[in-house]
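Use these hints to put chain D onto chain Y, whose structure you have.
Heads up: the sequence lines are chains Y and D, in that order. Position one of the first sequence corresponds to residue 1 (full-length UniProt numbering), numbered consecutively onward. Position one of the second sequence corresponds to residue 1 (full-length UniProt numbering), numbered consecutively onward.
Derived from the structure by calculation, the hints contain no laboratory data. Check the hints yourself; a few may be wrong.
Note: identical chains are not told apart, hence a pair may lie in one copy or across any two.
[Said to hold, decoys possible] Here are the computed lysine to aspartate or glutamate pairs in the EDC-like style, where the Cα-Cα straight-line distance is at most 20 Å:
| # | residue 1 | residue 2 |
| --- | --- | --- |
| 1 | 612 | 551 |
| 2 | 612 | 45 |
| 3 | 612 | 594 |
| 4 | 612 | 274 |
Note that the coordinates shown come from a computational prediction; the quantities given were computed from them, not determined experimentally.
Number of protein chains: 2
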Amino acid sequence: MSEVIDVPQLSAAEPEHRGGVDPQTLTAVLDGRWAAVRQRSRAFELPRDEPPSYDLGTEEHRARVTARLHQFGASGMPQTAFPPSVGGRGDIGAGQITMEMLGYRDLSLMVKAGVQWGLFAGAITALGTEHHHRTYLRRAIDLDLMGCFAMTEVGHGSDVQSIETTATYDPQTQTFDIHSPTPTARKEYIGNAARDGELAVVFAQLHTGGRAHGVHALLVPIRTPDGRTAPGVTIGDCGRKAGLNGVDNGRLTFDHVRVPREALLDRYGQVAADGTYTSPVQSPTRRFFTMLGTLVRGRVSVSGAAQNATKHALTIAVRHALQRRQFTGPDDGEEVLLADYRAHQRRLLPALATTYALSFAQNELTSTMHDLLTGEGQPDPRAQRELESRAAGLKAVSTWHATATIQACREACGGAGYLAENTLPQLKADTDVFTTFEGDNTVLLQLVGKGLLTRYSAQFEGLDWRGMARFAAENAVGVAIERTVARSVFERLGSRGRREGGVRDRRWQLELLEDRERHLVETAAVRLRRGRADGRGPFAAFNDVQPHLLEAARAHVDRVLLEAFLAGIDGCTDPACAALLESVCDLHVLSRVEADRGWYLEHNRISAARAKEVTRAVDALCEELRPHLATLVDGFGIPDAWVEATIAQPVRPG
Amino acid sequence: MSEVIDVPQLSAAEPEHRGGVDPQTLTAVLDGRWAAVRQRSRAFELPRDEPPSYDLGTEEHRARVTARLHQFGASGMPQTAFPPSVGGRGDIGAGQITMEMLGYRDLSLMVKAGVQWGLFAGAITALGTEHHHRTYLRRAIDLDLMGCFAMTEVGHGSDVQSIETTATYDPQTQTFDIHSPTPTARKEYIGNAARDGELAVVFAQLHTGGRAHGVHALLVPIRTPDGRTAPGVTIGDCGRKAGLNGVDNGRLTFDHVRVPREALLDRYGQVAADGTYTSPVQSPTRRFFTMLGTLVRGRVSVSGAAQNATKHALTIAVRHALQRRQFTGPDDGEEVLLADYRAHQRRLLPALATTYALSFAQNELTSTMHDLLTGEGQPDPRAQRELESRAAGLKAVSTWHATATIQACREACGGAGYLAENTLPQLKADTDVFTTFEGDNTVLLQLVGKGLLTRYSAQFEGLDWRGMARFAAENAVGVAIERTVARSVFERLGSRGRREGGVRDRRWQLELLEDRERHLVETAAVRLRRGRADGRGPFAAFNDVQPHLLEAARAHVDRVLLEAFLAGIDGCTDPACAALLESVCDLHVLSRVEADRGWYLEHNRISAARAKEVTRAVDALCEELRPHLATLVDGFGIPDAWVEATIAQPVRPG
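Chain Y with its partners taken away, still in its complex shape:
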């Protein structure tokens, strides 16, 4: 309570100033390659329906979001990503951006759009062939045919390879028998299933000629066009959820449902009329991961939507902090703005800085994906794997960042942050599932970690673990860090010539992060080998190293984020804006180093004095960036009309 002011005497806030940076300049830098698409999205208005969504029951909310889906579809925007043959422009990057922009306004709509266009129509595009495209794709894109992406089951979510639903081919009738053999084979959390879906892309174990061929996708009608449940199908309702209640998640069970041979999405595996199985991809494992490759776009979308929801929350909390005063200062008797308290700055500013870092990394990822998927011929498998790993890592970090930051914003707004009229509750509840859907974050980071290890092991094939340990200990050889942005960006770092030797020296920061990643990967490999050698068995060997491996993956993403930030600054031509971004980048990277300083210290990467210097630098950067708070959130470029929170009407200091 107010007693606290007795000892810590407070003074009034310093006057606002902007350091000459126009938020629109920042917006242009953040908007990046698809700036025009973002501008078009900003101009697209959804009606402000009454009552607000948070006052609707589940059924009313679902109906509203379905109606909004049609409004959004009518804008022509979601079609952009599809091939020209079905009315699109084949602009995958633009399609992604369009989806992600919904993250600012209506996350139920974003997810429902992602299910319909991204997963359902996306799977038909990627896994189907000419016949499927012709028969279903345009209807799906135009919302004449609503669909589901039925992969996850009660018993298997992350471990898709072990799903239990079967698709057994019968050459007599030339049909597949789709069946859920156990209660745990039930398809679960399936978007569009509870209310709207007519056709489902069902993932099932394919059997033909008495042999199993692994997971494949088939088109299975779950409702008749007039909305009745299809024979043999049981549809359940997942009911109320923490958030995203405008999305009708449901459950699907199949009791020997027959579908024609053409129902198989057969780009990567064909069944002839007589039941003969063929595939252009020989290895069943590679085939499986090729099919799962369709998920990468979903992960990129979720990452982007999580970032946009985070920006929305930060905009609310920062604007509130620039208006809300609490406790009288000792000098002039004025009450002090929340934004002037150091503890409040520490709550919001490092998170804001990391949000910038994530934005730049998201732009790079979108661009890389676009180029890879729209290039000629089949993408290079190595580049494809790298893209998947990058998407997995960024999705995990963006969504955890969203959960933590939106929570911090809620608390930073006190009781007001708990009221639905201030939007934060919905942002929090809607984004919460992002950390575990489209790939559980822990599983995704493990995938990243495994990729790092594989790259490492290949390099040292033939060395036994003792040799490996010696090499690692001597630091004589190491993991080759593959930088993710142009060499020229790094070359230009040298010419900055400022703050050399201090904690804001960019080369020092980069080397620190690279060294951490390298060391964590090397030692994870060593520990895995040693663990296997000590006879406790392979699970124990893995399990002991699991947290270490996840930390290596996280360190990798941290390094990629810093590189993306640097490339983003490098592309900024306005000197004042670039200077501001340099400070934001410092705050981002130094607050990460501060959080991990236990590791750096115990591995003798930094001295105790340097660790304290990092903490002081974070404080100093909070003070330095405090006058730019309004600029930094305005830079996100969220249209004022989209920020509906009562407490967050824009502050425009003179």
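Below, chain D without anything else, positioned relative to chain Y:
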């Protein structure tokens, strides 16, 4: 995705075993002094209403919770805490426990009960006198008179001393004029205001005879007995919230509302008929904090309810982890339980251990409060301040722990954790506001930090800051750590004679935590003095040290938690149970040390080798406690019928 199993090969889980500890023995230890009251609460059943609350709109939910409030009232349990003169037993501890137990089942009911019996009737009891007790108290207790506690305003929440509502005495009419002079004077987030409240305890600036006497509380009717809004009062509705939608939070504005002279709750300040003001407490500041002292019980309740919600969430997540298998192990082809993955253990087990620590600290706090408030005469002011500080610290740490742990549990249950049928969404949403209501956590920790400083400064009165800095640097004198449990507990530590010198050495742990607290308090004092001396002004001096001061407060609570845990173990007579609790205590304290190891390293409190030893010990403790997971959550003693989550039906391994 499942690719991760390629490199890290997994083996099946080890068989369950319980190490001979009966969960009921644990429950008895955790239940503590008011075990019988807890047992009575466990026997009290609320009807399992259909549809479940999460399917109700706001108005239906409010109606249900009001009905449940009457059912709860009819049990006679909430009356326990009140004086015998109004039908109670004066058992404050029992009253607290009864309220907190609602945290397991219906947090809206818990909060509504807290508003009615704790805040509204509690304020009449504590701040009123004979007349008020006679006229209102029994009706309030029996729910014939529903009431509000109208303290917070739009403009002032934490800083109650600056609220703007006025109560101006008019000797002509012998009435007070209650008025909201500005828009920011509106009372905000007031429980019971939007729907049910008839009478409000209104906090306002008291004016009489042309002089201001600071904040006082008055009884102001806001509705007529037939439910119409009282003249001059405007009632608003806070509408939908993130959670707790069964509580009708509202807004109150007063337009020169007249109430009789007797409306003043006049225990600590009286206004005579002619307007003369008198008070038994001379200092206005002391008077203010004496009145706010009523808030301490609310904070203790919120802390307890947060802990109980945390236990509920952990029970769900742990039972799920003991049933859910994912990814096939390499040895026997069986799928591995989530509970066997180290990353999963690290998510749940340290949080579970800290929940035990918090429970023991909560028991101590409740007991201390009970003894202090039910003792003869006025409580000793120093003991009262100590109690308030302890309540503030524990409330902050318990509620942040709840937010983080319930979130971790939600994620640990994947998509299932997002479904309302699995309870975690409601636990998360309902407890979210706990970190900022009944005192914002940051403000509360600052209060704790200030208390530590004051105690410290008093010790060194007369030394200037240079002398202070020198003393602190030489570590020649230091903060006297006042241990919070009996000396005998510490004496018995010496006789354990086990694991000496290692990181599980209890004396080492205790000294480490004590040393951290002492150092942080001392250096905060030094920095504050130095900051004031350097001419940047008092606000800058405070602001630079604010995060440091909050860290000192947190270190203090950490030390208190460890002491409470040790006292709890000391009171356990079953050797196997005590041994299990010793390991849980180790995990709690070492995971805290691990989290703070950056600080310990940079202050040369531990070596790099020791820091790594701590991390290894946390891993080893996860492995050691893994077989006791079911026992540890069963030990919370939540009746099976209260754990409604579909995914969490009890596991009873043979």
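Comparing the hints with the structure gives:
1. 612 <-> 551: between (23 Å within a copy, 15 Å between copies)
2. 612 <-> 45: Classified as neither; 49 Å inside a copy, 55 Å across copies.
3. 612 <-> 594: Answer is both: 9 Å inside a copy and 18 Å across each meet the 20 Å cutoff.
4. 612 <-> 274: neither (72 Å within a copy, 62 Å between copies)
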